[in-house]
Amino acid sequence: MNWGEFFSMNGYAWYIWGSYGIALLIFFIEIVMVRHRKTLVLEQLHLMRNAEDVVT
Amino acid sequence: MVPWFSWSAAILFVVGLYVSFFVAPTDSQQSEAYRIMFIHVPASILSMFIYLVMAGYAALGLIFNTRLSSMMASALAPTGALLAFLSLWTGALWGKPMWGAWWVWDARLTSELILLFLYLGFIALHASIDDPRRADRASALLAIIGSVNVPIIYFSVQWWNTLHQGATVKFTGTSMHVAMQQGMYTMLLAVWLYAIAVSLLRVRCIILERECKAQWVSELVEVRR
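Protein chains in written order, with the numbering used here: chain A, 1 to 56; chain B, 1 to 225.
Worth flagging that the hints you see were computed from the coordinates, not collected in a lab. Just so it is clear, CB atoms sit at the ideal spot from N, CA and C, and this is done for glycine as well. Be a bit skeptical, because a hint or two may be false.
[What the hints assert, rightly or not] Okay, the calculated bits of chain B under chain A, using three or more residues with CB under 8 Å as the criterion: (1) 99-110; (2) 128-137; (3) 197-203; (4) 207-214.
The task is simple: from the sequences and hints, build the whole structure.
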């Protein structure tokens, strides 16, 4: 079996790669969003802490 | 614990995809199209399982008034919603070549769609109430009532005459080829570990957001820098 045959999936290429493509895209986006949320909350906490230092 | 789950999920994904595409043989009736199963089945199983875990945590939060269980419930909801969407999406892409239709108002498909709406309703209700504790209680009630839908999805193929096929994997054994089983279980485990990793990471963010005024938070190494 060569790669061209493998990717054509016997005519079902769109259905199969459409499924796995969206799956990987969803997982990728979810990971990026959660990591971004973590960065944001840590940044926020850092700012809050520094603000307290200025006051006291 | 997050790196452990993430790395084992990543390794199992690679192994699972390899088995699914290179080891598992071509199906005699569905040709190559059945390979959608290796992502469709794990996504569907976990979308239902995560809902039960989420409703369980929500119930604990409601009964014992524990904040952490409610936070865990809200951390699981987005992952569950994405998996429910993925289940419907891959189902549509599998239904088109096999049944000739992207969507039919079949009992199983409709109840899975309701599951997606329950997840979205839970997230929306939680986001619409300003006081986090009140939001926890209101959405917990929604999650608990909605959990009756999970057995409906599971048994829908037995109770009604559906286009969707019945369960192939039963407690009494299965007619599936061994390599197909291995591929499916590996993918199931991979998605499972992924869901644990991403939910734990999300619950950390939620804890930090909601406890931002607590003393222990400002003493964290990541915050002090």
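Each hint tested on the structure:
no.	hint	in the structure
1	99-110	violated (count 0)
2	128-137	violated (count 0)
3	197-203	holds (count 3)
4	207-214	holds (count 3)
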